[in-house]
Amino acid sequence: MSDYKIKLEIFEGPMDLLMHLIEKNQIDIYDIPIAIVTEQYIAYLKTLEIFNIDVASEFLLMAATLLQIKSRMLLPRQPQFVELTEEDDPRQELVDRLIEYRKFKEMSAQMENLLKEREHFFTRLPEDFPVKIPVPMGLNINDLVTAFAAVWESSIDDYELVSREEFSVQDKMYDIIHLLYKYHGRIEFNQTLIRKGTKSEVVASFLALLELVKLQRVIISQQERFSTIYITLKE
Amino acid sequence: MFYLKYKKHIEALLFVSGDPITIHKIAQILEIPEEHIKLLIEQLIEDMAKDDRGLTIIKVAAGYQLCTKPELSETLEKLGQVQDTKLSTAAMETLSIIAFKQPITKIEIENIRGVKIDRVLATLNERQMIKEIGRKEAIGRPILYGTTENFLKCFGLNGLQDLPPLAELLP
Amino acid sequence: MFYLKYKKHIEALLFVSGDPITIHKIAQILEIPEEHIKLLIEQLIEDMAKDDRGLTIIKVAAGYQLCTKPELSETLEKLGQVQDTKLSTAAMETLSIIAFKQPITKIEIENIRGVKIDRVLATLNERQMIKEIGRKEAIGRPILYGTTENFLKCFGLNGLQDLPPLAELLP
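Chains as they are written, first to last, in this note's numbering: chain A, 1 to 235; chain B, 236 to 406; chain C, 407 to 577.
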C-alpha cells in the first residue's frame, strides 16, 4: 500500500501525469502523438502494483479516454472530410483540458512563491479581549410597533416560507425519558408523541421511541387491540 | 556600541514571541553576549518612552515582554467592543414579536417571521433585550422567551402594560 | 498636525489587534477622520523604516497589519515558533483554481484537475482559505466556493485584484 502511494504521489492525478509525459517527450501540446502517449500512460499505470480504487479509477478513466481518442484517430475518414478541421480532431477536447490545467499548475507555482515571500513577515496573534456588547441606544416604542405591524402583515400572506427543521433522535430520546420521569414512569403513547410538530419531528420522535425499546429503557404494552398503548420506564 | 545593529532584531523577537523571553534566549539566538542584550533592551525601552510610541518593554519574572503602554488601555479596550449601537431590522422585528406575544417559543416566532432566527435570538440575548422565561410543556420542552428589564429601560417603558394594546395594531 | 498625538494609539491598536485592521475601524475607535488615520499610518511606516526598528506595517486584506521586517526572518525562525503554512501541491492547485474561478463548484474544480478533491477541500476549509459563498442555481443546488479574508492575509494580498494575472500564462 505504502509502496503504491509513494509512486503515485509523484502525480497529482491523470492530468498531472499527462502533462509530465508531454513535457518529458517534448511534445507539442497542440499535436499530441496519441499512440505514444497512450502507450506510456498505460505503461505507467502498470507499474502501480497495488491499486487504490479511489485514485486509480480516475487514472483508468483517463486511460479509457486516451484509448478512445486513439481508436477514433485510426478510423478511416469519409472522403468529404479531406482536411482535418479543429473540431474534427478527437484530441481537441483533451488539449483544451490540458491547457486549462497547465494554466493553473503554473499559477499555483506562482502563488506558492507569494506564500513564501509572505512568510518572511512575522505577525503576532491577536490579544484576547473581553467582548463588550453595549445595550442598544436610541430605541423608540414607535419603531417596535412599526416593526411588529410590518412582520404581522407579511405573515398573513398566502405564501409561507418553508424552513428546514432538524430534530435529532437523541434529543427526542431525552425528551421521552424526561416525560416519563415527570409522569412517574408511565405515559400513554398518544399522550406523548406524534401529536404535534412537523413530519420530521414526528419521525424523529418515533425513531427515538424505537431506539429506547431496543436499548431496553422502556417497555411498550397494550392490554387489547386498539386500546391505549402505554410506555413504561424500565428502571 | 558594536552591537547596536541588533536593536531591531530584539524588537522583532519580542514582537513575535508574544510571551516573555529571557535574555539568555535572545543571546543564544543572536549569538552575542548577554550583557549587551541587556544594554540594548534598555536602549529600546528608552526609545519607546518617546511620546509618539505606543509600545514598551516590561520586565516580568520570565524575562522581557513587549506590550502596550498602560495609558492606552482605555482606547485598546474599544477594540473588543461592538461599535454598533443600533438594532437590525431583523432584530427589531423579532424583538417586537417577543414583546407582544411573550411568552413565545423560537419555532412560533419563526412561523410568524418565516425565517430561521437563531442568530437574531443570540444577538438579542447578548444585548440583554430578551431572556428565557421558562419552558413550554410540550414535546421537546422548548424554551419560552420574554423581554428583560433592560428592554423596558431602553424603550422608556415602566412595564409591559405600557406597550400599545395589540388589538389596535392589527387590522 | 493636530492628530499627531494619536500615533502611539495606532501603533498600540495594530499591536493588540494582531490581525489586519481597517482604517475605518481605527477611525471609529479614535473618533478622528479616516484621512488622518491614513496619514498617521504613513508616518508610522516612515518611522519604522529607520534601521534600528524591527517592525513595519503592511497593507493586506483591506487593512493594515503590524509585522516584522522581512530581512529579520532568518533570525526569527530560530525562535522555533514558525507555523507550518505549507500547502500540498494538490491543495495549492485547487486553491489557485478557486481563487481565479470563484464562485465555483466542486465538480467544476474536479473537471479541471481530473481528480476528486473532497479531502483537499476539507483541508482548505480547515485552514480557512476557502468558504462556501452560496449555492449554484442548478440541479442539486451545488455549493459554490470562494476564497476568504484569511486567504488574502496568508498570501499578502490586498484583494483578489492583486493576484498575478492569469492571462499572461496563456500559451
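Errors might be hidden in some of the hints.
As the list claims (entries may be wrong) - Taking lysine to aspartate or glutamate and the EDC-like style, the derived pairs with C-alpha atoms no more than 16 Å apart in a straight line are:
#1 Lys-492(C) with Glu-119(A)
#2 Lys-240(B) with Asp-457(C)
#3 Lys-116(A) with Glu-477(C)
#4 Lys-313(B) with Glu-437(C)
#5 Lys-431(C) with Glu-312(B)
#6 Lys-182(A) with Glu-312(B)
#7 Lys-116(A) with Glu-532(C)
#8 Lys-413(C) with Glu-306(B)
#9 Lys-285(B) with Glu-532(C)
#10 Lys-285(B) with Asp-458(C)
#11 Lys-484(C) with Glu-119(A)
#12 Lys-492(C) with Glu-532(C)
#13 Lys-507(C) with Glu-538(C)
#14 Lys-522(C) with Asp-16(A)
#15 Lys-507(C) with Asp-458(C)
#16 Lys-388(B) with Glu-119(A)
#17 Lys-304(B) with Glu-127(A)
#18 Lys-313(B) with Glu-58(A)
#19 Lys-522(C) with Glu-58(A)
#20 Lys-465(C) with Glu-119(A)
#21 Lys-242(B) with Asp-458(C)
Treat the hints as calculated values from the structure; they're not laboratory data.
- Could you work out which earlier hints the structure fails to respect and list their numbers in ascending sequence? Hint check: 6, 7, 9, 15, 16 and 18 fail, others pass.
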